[in-house]
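*Asks:* Taken in sequence, the protein lines are chains R and W. The letter at position 201 of the first sequence is residue 201 when you use full-length UniProt numbering, and the numbering goes up by one with no holes. The letter at position 397 of the second sequence is residue 397 when you use full-length UniProt numbering, and the numbering goes up by one with no holes.
The set of hints was computed from the structure by calculation and includes no laboratory data. What you are looking at is a predicted structure, and each value in this text was computed from that prediction instead of being measured. Every residue gets a Cβ at the ideal spot worked out from N, C-alpha and C, and that includes glycine. Hints are not guaranteed to be accurate.
Each pair of labels, with its calculated beta carbon distance range [to be verified]:
# : chain 1 : residue 1 : chain 2 : residue 2 : range
1 : R       : A92       : W       : D381      : 34 to 40 Å
2 : W       : G604      : R       : K84       : 33 to 39 Å
3 : W       : K488      : R       : R201      : 25 to 31 Å
4 : W       : V5        : R       : N114      : 46 to 52 Å
5 : W       : K488      : R       : K209      : 14 to 20 Å
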Amino acid sequence: MDPAEFTEEEQGRYDRQIRLWGIEAQQRMRNATILVVKLKGTATETIKNIVLAGIGKLILVDADDVEEVDLGAGFFFCDDDVGKKRVDAAKARIENLNPLVTVEIVPNFDVLDNQNFESTVNGVDLVCITDWDRDDLIRLNNICRRLRKPFYAGGTYGLLGYIFCDLLDHKYISPDRSSPKDAQKNVQVTASYSPLQDALRHRWSALSKRQTKELKPASVFAILSLWQFQSARNRLPLGTQDIEELQQTADALVSGADVNRQVLTTVPRSLIESVAMTAPHEFSPVCAIVGGLLAQDILKTLAAREPPIANFLTFDGNTGGASVCRLSMP
Amino acid sequence: MSTAVGRTKHAEAILGSELHTRLSFTKVLVVGAGGIGCELLKTLVLTGFTQITLLDLDTIDLSNLNRQFLFRTKDVKKPKSITAARAASSFNPNVKISPIFGNIKDEEYDIDWFKGFGVVLNALDNLDARRHVNRMCMAAEVPLVESGTAGYLGQVQPLVKDATECFDCIPKPTPKSFPVCTIRSTPSQPIHCIVWSKSYLMGQLFGRDEDAGETSELDEAENNGENVEEIANLRKEAQSFSRVRAAIRSYTPNSTSTADQDNDPAKLAFQKIFSSDIQNLLNMGDMWKHREPPVPLDYNQIISGTFILDRQGSNKAKEESNRVNGASSLNGTGNKKTAEKVVMKDQRKLTLKENLVLFNTSVQSLSMRLSTSQVQTIEFDKDDEDTLDFVTAASNLRSAAYGIEGKSKWEVKEMAGNIIPAIATTNAIIAGLIVLQALNLLRASPSTRPSSSEPVNATTAAPSSSSTVASPASADYSLLRNVHIQLKPSVPLSSVTCSSPNPNCGVCRDVYTLVRCDRTQTTLRDVVQGVLGWTSGQSQNREGAIENGQSQNGNRNENENGSNDDDDDGSERKEISVYEDKRILVDPDWDDNLDRTLDSLNVGRGKFISIVDEEGDWETVQVVIGELPASHPSTASPYILPSPLPKLVKRKKIKPLVPSVPSTPPPRLSLKRSLPTDADDGDVMIIDGHNGNGRTRDGDGEGQRALKKPRLGAYDNQRDAKTTTPTMDLTSPGKRKRLEEDGLVLMDGPGEVDEFEEDVIVIDDD
Chain R
1 MDPAEFTEEE
11 QGRYDRQIRL
21 WGIEAQQRMR
31 NATILVVKLK
41 GTATETIKNI
51 VLAGIGKLIL
61 VDADDVEEVD
71 LGAGFFFCDD
81 DVGKKRVDAA
91 KARIENLNPL
101 VTVEIVPNFD
111 VLDNQNFEST
121 VNGVDLVCIT
131 DWDRDDLIRL
141 NNICRRLRKP
151 FYAGGTYGLL
161 GYIFCDLLDH
171 KYISPDRSSP
181 KDAQKNVQVT
191 ASYSPLQDAL
201 RHRWSALSKR
211 QTKELKPASV
221 FAILSLWQFQ
231 SARNRLPLGT
241 QDIEELQQTA
251 DALVSGADVN
261 RQVLTTVPRS
271 LIESVAMTAP
281 HEFSPVCAIV
291 GGLLAQDILK
301 TLAAREPPIA
311 NFLTFDGNTG
321 GASVCRLSMP
Chain W
1 MSTAVGRTKH
11 AEAILGSELH
21 TRLSFTKVLV
31 VGAGGIGCEL
41 LKTLVLTGFT
51 QITLLDLDTI
61 DLSNLNRQFL
71 FRTKDVKKPK
81 SITAARAASS
91 FNPNVKISPI
101 FGNIKDEEYD
111 IDWFKGFGVV
121 LNALDNLDAR
131 RHVNRMCMAA
141 EVPLVESGTA
151 GYLGQVQPLV
161 KDATECFDCI
171 PKPTPKSFPV
181 CTIRSTPSQP
191 IHCIVWSKSY
201 LMGQLFGRDE
211 DAGETSELDE
221 AENNGENVEE
231 IANLRKEAQS
241 FSRVRAAIRS
251 YTPNSTSTAD
261 QDNDPAKLAF
271 QKIFSSDIQN
281 LLNMGDMWKH
291 REPPVPLDYN
301 QIISGTFILD
311 RQGSNKAKEE
321 SNRVNGASSL
331 NGTGNKKTAE
341 KVVMKDQRKL
351 TLKENLVLFN
361 TSVQSLSMRL
371 STSQVQTIEF
381 DKDDEDTLDF
391 VTAASNLRSA
401 AYGIEGKSKW
411 EVKEMAGNII
421 PAIATTNAII
431 AGLIVLQALN
441 LLRASPSTRP
451 SSSEPVNATT
461 AAPSSSSTVA
471 SPASADYSLL
481 RNVHIQLKPS
491 VPLSSVTCSS
501 PNPNCGVCRD
511 VYTLVRCDRT
521 QTTLRDVVQG
531 VLGWTSGQSQ
541 NREGAIENGQ
551 SQNGNRNENE
561 NGSNDDDDDG
571 SERKEISVYE
581 DKRILVDPDW
591 DDNLDRTLDS
601 LNVGRGKFIS
611 IVDEEGDWET
621 VQVVIGELPA
631 SHPSTASPYI
641 LPSPLPKLVK
651 RKKIKPLVPS
661 VPSTPPPRLS
671 LKRSLPTDAD
681 DGDVMIIDGH
691 NGNGRTRDGD
701 GEGQRALKKP
711 RLGAYDNQRD
721 AKTTTPTMDL
731 TSPGKRKRLE
741 EDGLVLMDGP
751 GEVDEFEEDV
761 IVIDDD
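Using the sequences plus the hints, can you model the full thing?
*Replies:* Shown next as structure tokens:
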């Protein structure tokens with residue numbers, strides 16, 4: 001688009017962020033179409049942020065109706081929306097956030113079938129799947145990879161949250177933070193990402209004790225064991241009755257990944273209990289944080305500035321900390 | 001009311017029903033309805049807090065809409081608090097949000113008011129208000145969650161008196177300021193010219209009659225040994241603004257007669273400022289022995305395109321003179337395609353002639369406003385296009401005269417307006433983290449702690465083993481964390497346990513107490529001696545105030561060491577000084593004020609009277625002045641002393657810790673006072689470090705005094721304090737400093753964003 005087309009309104013509205021990431025980044029965002037699948041708390045926050053930032057177009061897919069529990073983290077819905085399609089209820093409120101963004105809704109999940117998904121993905125610049133199960137994420141990731149589209153997945157389980165991304169071979173510009181502070185130059189970097197199915201086979205052998213510790217492996221394996229559990233049982237854990245199975249699943253994954261045994265041999269019982277009790281629930285502060293991190297990373301990727309997540313972020317609402325592991329990435 | 005009972009199901013499952021129930025009884029104060037505030041309000045409402053007071057003094061601007069998602073274009077110019085409260089109420093009809101369109105520093109928001117809240121959440125954008133709320137929360141003993149964002153970075157810090165450090169436990173850098181003479185006669189950087197035109201020239205031309213602060217500022221500079229001759233010259237220069245001011249205030253546009261054209265305020269101002277004043281400066285030969293002299297500008301030659309800036313040996317000057325001859329130095333509109341570089345209108349640098357034209361039109365617009373409307377003065381406001389145009393043009397013209405690089409309007413706006421880049425995502429993350437810490441504060445509160453038998457509570461508890469937090473009473477603050485958003489790729493959110501209070505902190509180590517009184521009938525002596533238990537006629541003065549009949553001496557003898565040394569016994573009268581904020585009311589050699597009423601001393605409601613032990617044995621006692629209850633009988637004593645009287649706390653004699661912020665020498669305030677502030681209100685007493693009355697403490701270094709009196713004079717006027725801080729461009733070290741000034745302690749380097757550069761180096765990351 002011609003820069004001259006940046007209207008007074010756009011300049012005024014985006015002033016504070018253009019001062020951060022520059023007008024070219026803003027331009028790239030404006031030209032981007034983003035596909036977001038499933039409208040739960042994480043997506044609500046993510047969408048709010050990328051729409052405010054000024055992406056070009058949002059395509060939002062969700063087949064389900066608004067339930068009462070959705071009002072807990074879904075601020076695009078109000079009481080009267082219970083029973084309506086989520087996307088129908090949310091559309092006007094999303095458009096209201098920023099009239100400069102186009103919003104298209106798809107009220108069914110047929111679009112995720114292999115054939116449909118390919119044609120949809122061809123028309124977008126980036127795919128973001130939220131609160132979805134692992135096995136399907138692997139399938140959708142592989143399709144995106146084949147079509148060379150950047151892929152994000154994110155979601156929350158109670159107080160825990162995650163973001164995974166496969167950005168293929170992503171080029172970006174970033175200040176070289178390894179050089180002295182006052183002599184930093186911009187460098188162009190290319191990062192090679194792994195698809196989720198490879199990332200899940202990651203082994204931690206190469207990391208020192210300190211490096212391992214820093215990455216908070218307990219949170220990582222709590223998420224991975226939830227995914228494993230869900231894949232095996234076709235549901236999330238529902239409470240005390242699932243604690244034992246979840247613990248065994250988690251510990252098997254830990255030992256299988258060759259995590260430094262001085263740091264972690266078993267995922268702490270308290271964490272497993274917390275996860276087993278709260279996994280199906282979503283909590284507004286956690287959604288805000290994970291959705292904030294997810295949206296920021298999508299914007300960074302679109303702008304091709306600053307290093308994006310590489311490639312698996314976990315957030316722990318017990319401490320407020322987040323760490324990023326490079327799963328099967330150099 | 002919402003009938004959707006399922007709405008709270010998730011939150012209850014995660015918090016446990018006990019804690020979740022408590023949310024609806026907890027009164028929350030949110031200070032600020034801007035970037036963090038909007039996000040915070042949303043998250044609080046959804047989490048289950050139902051009694052929220054939201055205070056903000058600002059109105060909505062178009063540039064807020066990229067992140068303050070509760071506002072729409074149609075809301076521009078409406079109060080933020082009221083608009084945000086209405087919008088967020090729709091997220092849950094069961095909540096009650098009480099908006100206040102006001103200033104947190106107003107006297108009605110006193111200690112009693114703060115005590116009415118279970119937790120206070122800061123969502124502020126300036127250091128001054130943050131400090132104020134911190135102090136009020138320390139005094140009222142209400143837990144506070146402090147927060148800040150700048151660009152991609154942000155932080156959240158829970159603060160509890162005596163349990164964690166407070167906001168002032170770590171000294172904050174003082175605002176960057178420049179010597180008067182640098183600004184007024186020897187600028188060498190763009191920022192010097194911008195500060196000059198925004199803070200000095202704006203005031204001279206469009207401000208109050210011959211700016212009040214002017215004389216004192218020069219007096220001060222003279223006293224501090226700046227060049228005497230130069231200052232005499234600056235005095236003369238300031239006096240001769242009257243003709244220009246008169247022309248501005250009698251301006252009528254469209255006049256055609258020559259007489260009127262001679263009275264064109266823009267041309268008059270230009271001639272004085274950029275020609276004769278500079279000419280005068282050149283006469284001061286000494287000044288230019290070791291630096292390049294400025295070049296007076298010629299109005300007519302610039303208009304006709306024949307002006308040549310003749311600065312020998314200066315490359316910058318050559319650039320400038322090239323520009324003069326019509327060739328514009330812009331990106332984007334030039335003849336060759338400039339690599340598709342995107343530039344907005346205001347990002348273009350103006351030529352000398354364009355700056356002059358902009359100077360003319362902006363002076364004329366501003367003059368129109370003064371000559372035709374009710375407005376008496378016009379101050380710089382970055383969102384007021386005329387003033388921004390004026391500052392842009394005037395600073396660029398001055399830069400040209402001094403051979404300094406010019407700046408685009410876009411850049412000037414950021415530097416003059418102290419704009420900190422802001423995005424929705426950072427605010428959303430920080431707001432979520434604030435709520436998580438607020439929940440930890442509730443979990444910690446001893447009275448109604450969730451029972452540990454509930455499985456969910458047990459499991460949501462964070463590991464507490466490595467806590468360094470002192471735990472007074474039975475409260476368990478080990479869950480609290482300071483969280484930072486940082487640039488480190490492997491740890492984007494760092495979460496660390498909170499530190500203990502700094503034993504030298506001049507805010508949270510003080511002893512706070514409340515005296516309710518009728519200020520017209522209560523003397524300073526009543527308050528000071530009453531609180532210290534020094535009253536001669538105790539029985540009279542304390543009648544009706546002390547209910548438990550506790551002996552004064554007994555009271556005085558208590559201190560944390562149980563020590564009862566004669567020396568340390570507060571019952572012995574000690575040498576004290578008394579302050580109200582930075583004003584000295586009493587010192588050991590001067591107690592004339594003791595028998596004056598508080599009212600006559602202008603000590604209003606909510607003010608703090610600080611009683612300082614000159615020997616430094618006891619922590620300072622801060623007496624908060626409150627209102628008498630309505631039920632107080634008019635025949636009774638005009639004041640109510642606290643009961644029991646405050647315990648004097650023996651000061652821990654600890655050598656100052658190595659500050660975690662690089663220790664710099666304390667600001668020589670009188671010398672380095674930041675140039676002209678929009679803030680000076682005349683009645684601030686400036687105390688320098690040498691008057692012997694500073695509240696110095698034993699063993700405290702100079703740096704400690706800076707901590708105790710972190711901001712004087714120039715930093716005094718609430719939210720505009722920011723505007724006294726000159727700013728640098730995004731990539732400069734000044735950027736980092738500026739962020740830190742706003743209370744953001746950067747852990748991992750600032751989020752510097754360079755413009756795309758041509759010379760990028762390609763590195764393959766494999």
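*Asks:* Just to be sure I understand the hint, the distance between the Cβ atoms of W:G604 and R:K84 should be within 33 to 39 Å; is that true here?
*Replies:* violated (55 Å)
*Asks:* Could you check the hint for me, namely that W:K488 and R:K209 are 14 to 20 Å apart, CB to CB?
*Replies:* Given about 19 Å between the Cβ atoms, the range holds.
*Asks:* For W:K488 and R:R201, compare the CB-CB distance with the range 25 to 31 Å and indicate the outcome.
*Replies:* For W:K488 and R:R201 the Cβ distance comes to about 26 Å; the hint holds.
*Asks:* Starting from the range 46 to 52 Å, see whether the pair W:V5 and R:N114 falls in it by beta-carbon distance.
*Replies:* violated (40 Å)
*Asks:* Between R:A92 and W:D381, does the beta-carbon spacing fit 34 to 40 Å?
*Replies:* holds (35 Å)
Hints 2, 4, counting from the list given before, are not met by this structure.
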